[in-house]
Each structure stands twice: as C-alpha cells, then as structure tokens.
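Novice: In the order they appear, the protein sequences are chains A and B. According to our numbering, the first sequence holds residues 1 to 157 in order. According to our numbering, the second sequence holds residues 1001 to 1282 in order.
Some clues are possibly wrong.
With the C-beta cut set under 8 Å, the calculated list includes, among others, these residues of chain B facing chain A [claimed, not checked]:
id, residue
1, G1169
2, L1232
3, M1233
4, G1235
5, L1243
6, C1244
7, Y1245
8, S1247
9, P1249
10, T1252
11, G1259
12, T1260
13, L1262
14, E1263
15, M1264
Some chain A residues flagged as far from chain B (calculated, every beta-carbon gap over 12 Å) [unchecked claim]:
id, residue
16, P35
17, K114
18, K115
Calculated directly from the structure, the hints in this document are not laboratory data. Every residue gets a Cβ at the ideal spot worked out from N, C-alpha and C, and that includes glycine.
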Amino acid sequence: MKQIVVVADMKVGQKGDIIVTHALGSCLGLMVYDPVAQVGGMLHAMLPLSKINPQKAEANPFMFVDTGVPKLFKKIYSMGGQKARLVVKAAGCSAPLGKNEMFKIGERNYTILKKLLWKNGMLLTAEAVGGSDGRTVYFDLSTGRTIISSKGLESEL
Amino acid sequence: VKQTKKPNILAKVKSFPSMPGAAEKLLKLLDNPDTTAAQIEQILRYDPGLTANLLKLTNSVYFGLPCKVGSVKQAVVLLGWKRLVQLVMASCVNAVMGKPVPGYDLPAGKLWRHSIAVSVAAEDLAKELKISASEEIFTAALLHDVGKLILGGFVKEDLEKIETEASRGISFEVAERIVLDTDHAEIGAQILKNWSFPLALVNAVRWHHDPDSAGKTDILVDIVHVANILCLMIGIGVGREGLCYKSSPLATKRLGLKGTHLEMVASRTLQYVDELCDVSES
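Sequences and hints are given; from them, build the entire structure.
Specialist: This is how it looks when you write it as structure tokens:
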C-alpha cells in the first residue's frame, strides 16, 4: 500500500508498502528500516526542539525532531525491528540562500537528529541533506530502497 | 539586440482574467463606510458560487465564530467589513490559484495552499512581533505569487537556462529575470495593477523576494517576505526550485525578528492552514 507522510507526520509499514513524503524543505525526513523483519517507517519533522511549543508537541510529537525521532524508533521496535539491524537514512534539512542564521532551521533539525542518534550509539547509513533543494522521498519497505527526487531528477540514497 | 520574451509575457498579463464582476462591485462597495449588508447581499445574490465559497471560508475554524453562519448578513456582523473584503478576495481567486502551475511544478491545489499558508503565517508573525500591520496583510500574502500563474508556462519553456543560472547560487527570481527579462514578482504586481488594487498591495507583491529594493521600507513587504520563506521552508507549496530564494537580513532586522518567533509561528501555521483549506477544498 502507498502511504503519504505529510508535514509533521509519521507512517510505518512492512513488506509491500511504499511510503512517500513530498516537498521536504528545511524539514527532516528520517527513514528507518529493518531488512530482516522488513519493517520500516518515515518521519517528517518540521522543527528541532519541542520546547518552543510544548502544547503542540503534546498534540503532535511528529512536529519536532526531539519528540518525533524516539517515537519512530519505538514504533519500529514494537513491530519486530531490532536496533542492530536498522538502516537509518536522512533527507531534507535544506535552507534558503543567504547567511541569515535564523533561517537555518534545517541545520538545527539535522544537529538534533545527530545528537539523538549519537546518544543511542547509532549512525546514519546515508543522507541527502542541506543545500537549497526541495526533495521528495520514496521509501520501498520490501527492499528498503530509498529514492530521492529533486528538480525532476531521481537518485538512490 | 537581445531577443526577449517579455512582450509575449506582458500580452498574457493583459489577457489574464479580470476580477469577477461581482467582486469588483463588492470591493468598491466595501470601500464605502455607508454600505449596508443588504446592498452586499443584493450583489452576491447573482453569484451563488462566490457566496458559497465566501460562507465556507467564513465558517472555517480559523475565524472561530461561535456559530455556523448561513447568510452574508450574518457574516458581515460577525466578521466585520475588513475580514469580509479579505474573504471575498480569497473566494474570487480560489479557483484560478487552485490550478496546477507548470515550470514551478506545483500540482493542483498547492499554490492555493501555499498562498493561504503565507496569509496565516504573515498575520501570525505580525501578532507574534506585536506589530500593527495593515489589514491588507492577508490579501497581500494571499496574492504574492499570482504572477507564477502567468510566468509558469514561460519558466517551463526556458527551464534549463533558468536552472543553469540559478545553480550558480543566485535567487530563482533573479535567474528568471536574467533569462526572461522579468520575474514572477513583477508580473504579479502588474496583474494587481490591472485589477486597480491599492498601491501598498501592489508593492508587497512586487518586492516580496527583494524587500530592500522597495522604494520605501514597508512592514507589509517585510512580513510577506519572511512569511513566504518560512512557508517554503516548512514544505507548504515548495516547487521545483526548492528553497532557492534569498532572505533579506535587513528585513528581519527591521522587524526585530528572532529565530524563536519563526519557530513559534511555524508550529502554529500548519493547523491554521488545515482549518482554512479543508473547507475551501471540500
């Protein structure tokens, strides 16, 4: 089944499912896959830290990297995923042109992700982050194959 | 002499649909403080589509009215004139802005969603910054990208050239100007001029990517500029060109904007957009 992940959203699935998210800008797209259990999930988080609006985080933890990422991993574990086997990929986190610090939400999203992974002894297998591109991600849960589409071009992550 | 497509583009601007007749009459009436709700109903009676759209928007959760509104008269009383003008405008452009936009590769509905997002984000930014921006902020934000409707076809034809220019790290609208001798902001402003819109609105659309070039600084221009970039960042209406636009450090300075303001507004924008778009799309 094809599932769409909208902004501030998460979807999980198994063999036979395809998960898609469109138009990643500075948001983080995080893809987690267990190739043995053939389960996986995708998070599309908008902002780095939930402390900016705890009320929103309560209502929708997927809006923030610090609350959304743990939710995704917990869900994958509950579906039979095992930490040692997980393949973790990241996309998005881009920024508009110019050196204006306050618009670097994408960079902060990425930093918080890396901190969380590091704390848990995990690494990114692949990433397509930064720059000023908009990105669409297709995540095939039969194989774990992740395709990034940007400016009309597709590439495998 | 360099061959340019600008004359063809401007010809398209000329033949771009004018505001629906009812809308034009309404906007004139709404400018007049002596206008009565009955007069407005009288005009809308002949445009049931516009009325239905208007009432749908009025009843969206975003405006938080205490009860469902079933008539224009009620809408006027509960929302006030200013809001009503904005919603008449939104109802009028809803259909045309809901179309797919070539060149920028925006599927059907995406430009409308982006426009609504920039409107609510701009209003929320003004509130967050405790700035009393003019009431035109909603409409200025709503229409900032109207030029894409015309320029999209031309961008598509010359996409390779434009993308080559843009790949050198310049803003996408600058690349448009290099190749097409105009950009979507200028074309948008021209459309609003043809619609006889107030100058403040025309300027906000004209300079939404380059607020520092507006003749005199204007909070309205700065806010639309920032709200637009923010909405692209959070993925609402991001086209093929991605985030290939430059933010103005001077505009953020003029507004006294901080990162926390941006993130706070971003965290609320999504809900507002859903509240307004669900009704207009159903």
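Novice: Please go over all the hints and tell whether each is borne out by the structure.
Specialist: Checked hints:
no., hint, result
1, G1169, "holds, 7 Å"
2, L1232, "holds, 6 Å"
3, M1233, "holds, 4 Å"
4, G1235, "holds, 4 Å"
5, L1243, "holds, 4 Å"
6, C1244, "holds, 5 Å"
7, Y1245, "holds, 5 Å"
8, S1247, "holds, 5 Å"
9, P1249, "holds, 5 Å"
10, T1252, "holds, 6 Å"
11, G1259, "holds, 4 Å"
12, T1260, "holds, 7 Å"
13, L1262, "holds, 6 Å"
14, E1263, "holds, 5 Å"
15, M1264, "holds, 6 Å"
16, P35, "holds, 28 Å"
17, K114, "holds, 19 Å"
18, K115, "holds, 17 Å"
No hint from the list above goes unmet by this structure.
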